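S.K.: Could you build the full structure based on these sequences and the hints that come with them?
Just so you know, the sequences run in chain order W and F.
Just so you know, we're using the numbering used here here: the first sequence kicks off at 1 and counts up by one.
Just so you know, we're using the numbering used here here: the second sequence kicks off at 1 and counts up by one.
Please note: incorrect hints may appear among the correct ones.
[Claimed, not checked] Some chain F residues near chain W, calculated using beta-carbon distances under 8 Å:
id, residue
1, Trp-138
2, Arg-145
3, Ser-155
4, Gly-237
5, Leu-241
6, Ala-245
7, Met-286
[What the hints assert, rightly or not] Derived list of chain F stretches under chain W, where covered just means 3 residues or more per stretch with a C-beta under 8 Å from a C-beta of chain W:
id, region
8, 267 to 281
9, 287 to 293
I should point out that these hints are in silico values taken from the structure, not numbers from a laboratory.
Keep in mind the model is a prediction, meaning the values are calculated, not measured.
C-beta: ideal position from N, C-alpha, C; glycine also.
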Amino acid sequence: MFAYVMRRLLMLIPVLFGMTLITFSIVHLIPGNPAKVILGEGAPAQAIADLEERMGLNEPLYVQYGNYIMGLLQGDLGTSLKSKGEIAQEIWPHLAATMELTFFAMLFAVIIGVNAGIISAWKQNSWFDFLAMVFALIGVSMPVFWLALMEQWIFAQELGWLPAYGRQDSRDPIAEITGFYVLDSLIHLDFERTITILKHLVLPSIALGTIPMAIIARMTRSSMLEVMKSDYIRTVRAKGGGQFLVIYKHALKNATIPVLTVIGLQTGVLLGGAILTETIFSWPGIGRYVYEAISFRDYPVIQSGILVIAFMFVIINLIVDILYKKIDPRIKY
Amino acid sequence: MKLEEKKNQLQEQNLPPHDDNVMDEEETEAVSPWRDGWKQLRKNRLAIIGFAIILFFILVAIFAPLFTSYSYDQQNLADRLHPPSEEYLLGADHLGRDIFTRIAYGARVSLQVGFFAVTGALVFGSLLGILAGYFGRWIDMLISRIFDIMLAFPSILLAIAIVAILGPSLENALLAIAVVNIPIFGRLVRSRVISLREEEFIMAAKAQGMKSGRVILHHILPNSVAPIIVQATLSFGTAILEAAALGFLGLGAQPPTPEWGQMLADSREFIQLAPWTLLAPGLSIMLVVLGFNLIGDGLRDALDPRMKN
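M.R.: Structure follows, in structure tokens:
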């Protein structure tokens, strides 16, 4: 197992290297003079020269890339052009906000998706199966941003059940410890606040989690149907195992592998979708951070934001790969 | 005719080993996989619904000017946020433009973006996939690693990065979507080519002295068509969704182009005053994507059941 994890970590190096090449090119592939594009038309020559100096754009490309990599290795993500702050420091609260949101979105997607898939397979061709699969089909085709807007309209504005914006009551901000507000409020033993924070999480998590939920439901169903046909399930049944036991104890375990793959891949969809969801719900996460940077042409923030999100995606897939091996020791690489 | 026969013959040769019963059935029916696939597809009710939805939007896109007396950028400021009525079938937006007209013209934009982005991704992806799969060695190494790296980014994020480089516009959004979809086709074709490369009929072709180009064109490509078609259909929906997302973020189509995602972004602030301005564009995106997904699922079941998992 240790050897396997080490090998997977080593395989990560070229991918990470390639990712930095792509994010590095974001500034350098800008047609024309990047400093001029960043400052806009009609910027004075002095300002352009200053910016080039500050961003190191005067150096030869390989020196710039070398500096970029050296910086990254030391945890330096560059300096924001807009706020002039260190991105590595600025990004942390945003990262925590996104991680909290994606965690709850995934929780929603997995709990509902896996169970809907199981029941669909269990009661194959029933009305539940039909309805669940129709919902799943619609869910897969749903534009995240439209779902988010519809949720805001119905549940926040018309019904007034849930808050439409932000992570918490902005008049009464939490004293941050970890940056994960649910956790922070629990540490403070302030359960009323926990409820408020959870309420803020509901709409964005559902919006973000719907597509993965639909895909997980479809995958679980087909993989359960496959497993339920196998001999060992027939044996469990012959031994008198009840339906519930057969499904949750025996079948689910073997149906998990393809489902896990989907969960890993869907995290990418989640992290990408976070940009849209966070923009709509004013969620102060990394997606919104990048989105705002785009409108300000704050290229160092765009570069680092994208790199950090892609890095998270790669790490999550690494964890999924390691989990495979744990669940199914037959897997060899 | 001759070519068609040859193609079918090749496809049958490439079918995975069946048990005897299945073989018998196929021999007695003696239908080509394509015709068999078409027969199955026609029986698939969901796929037919998908076809109907897409046909509807294609017709709307082509005949948009016939359905409406407005132009998509015609502003009637007196009728700002007019609710749906006889005059404005789906209401009017914040500049008093007829939403129905903009949806109809928007169908043109979305379908075109989907078509060109998928075609671009398909052509370049297939080319790279063939190069990697057929020639192997360092070419494969290089191309596959590039694909790995591209797939390490969530696709919409990579598209955003590309548009951030090139500047926001519909053309650049299209280009970005095409680029992020290249590795999907590339990997598919590569794995197909690798499995075909070892087949006897390819070796026979090579043994006859056929050049690589001819082997690829006449034997490998025709045998890879089914999975490519399925993927292209599914990607068509994804591409439209991605274009709408970029439009929504202000990185795609620019005003006054009637793009569905951008229409949603425009109407966002009027969600309380005029929710109908949000309904039609969102539903249109969803329906078109659903249509392509239904067709794609149907095609996959009919043409290439092995792809199912």
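S.K.: All hints are to be evaluated individually against the structure, with a verdict given for each.
M.R.: Here is how each hint holds up against the structure:
| no. | hint | verdict |
| --- | --- | --- |
| 1 | Trp-138 | 14 Å, violated |
| 2 | Arg-145 | 6 Å, holds |
| 3 | Ser-155 | 6 Å, holds |
| 4 | Gly-237 | 7 Å, holds |
| 5 | Leu-241 | 6 Å, holds |
| 6 | Ala-245 | 6 Å, holds |
| 7 | Met-286 | 5 Å, holds |
| 8 | 267 to 281 | holds (count 6) |
| 9 | 287 to 293 | holds (count 4) |
Of the numbered hints given earlier, the model fails hint 1 alone.
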